[in-house]
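*Asks:* Sequence:
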Amino acid sequence: MNIFVGSLPFSIDEADLRDSFEVYGTVNSVKIITDKFTGRSKGFGFVEMENDAEAQKAIDELNGATVSGRTIVVNKSEPKPEGERRSFNNNRGGYNGGGNSRGGYNDRNSGGRY
1375 MNIFVGSLPF
1385 SIDEADLRDS
1395 FEVYGTVNSV
1405 KIITDKFTGR
1415 SKGFGFVEME
1425 NDAEAQKAID
1435 ELNGATVSGR
1445 TIVVNKSEPK
1455 PEGERRSFNN
1465 NRGGYNGGGN
1475 SRGGYNDRNS
1485 GGRY
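Going by the numbering used here, the first residue of the sequence shown is number 1375, and it counts up by one from there.
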């Protein structure tokens, strides 16, 4: 079972997280998500456990636990449906216009006012 772990203290590392879950059973993998530029933890991660019953016991007992002064969130991770991933631009303005009163990239190159 894949388990989401949120509100992690930024100081926790994957070994510490693994230790917390191994109390309940076999842990296949642990991944703390980090910022790709700074390498700093984003405060959440995923733990994969082999046995669903052991994973559920870990969820039940660790959800709401305090780790280094922070109350963590632990629940079953559900994969996002394919259609719900966000695209790069996602209608926020940028090169193809929209999103601000100045127009977009195309307006600037066509001699329009901005």
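Some hints could be false.
FRET-style restraints, in silico, Cβ to Cβ [said to hold, decoys possible]: (1) D1434 <-> G1413: 15 to 21 Å; (2) G1457 <-> T1412: 26 to 32 Å; (3) G1457 <-> S1385: 23 to 29 Å; (4) S1385 <-> E1456: 15 to 21 Å.
No farther apart than 27 Å at their CA atoms in a straight line, the calculated lysine-lysine pairs in the DSSO-like style are these [said to hold, decoys possible]: (5) K1405 <-> K1450; (6) K1405 <-> K1431; (7) K1431 <-> K1450; (8) K1416 <-> K1450; (9) K1454 <-> K1416; (10) K1405 <-> K1454.
By construction, these hints were calculated from the structure, which means they are not laboratory data.
None of the values given here were measured: they were computed from a predicted structure.
Even glycine gets a Cβ: it sits at the ideal position worked out from N, Cα and C.
*Asks:* With reference to the structure, classify each hint as holding or not holding.
*Replies:* Here's how the hints hold up against the structure:
no.	hint	in the structure
1	D1434 <-> G1413: 15 to 21 Å	violated, 32 Å
2	G1457 <-> T1412: 26 to 32 Å	holds, 31 Å
3	G1457 <-> S1385: 23 to 29 Å	violated, 36 Å
4	S1385 <-> E1456: 15 to 21 Å	violated, 35 Å
5	K1405 <-> K1450	holds, 15 Å
6	K1405 <-> K1431	holds, 20 Å
7	K1431 <-> K1450	holds, 11 Å
8	K1416 <-> K1450	holds, 19 Å
9	K1454 <-> K1416	holds, 19 Å
10	K1405 <-> K1454	holds, 18 Å
Going through the hint list in order, the structure does not satisfy hints 1, 3, 4.
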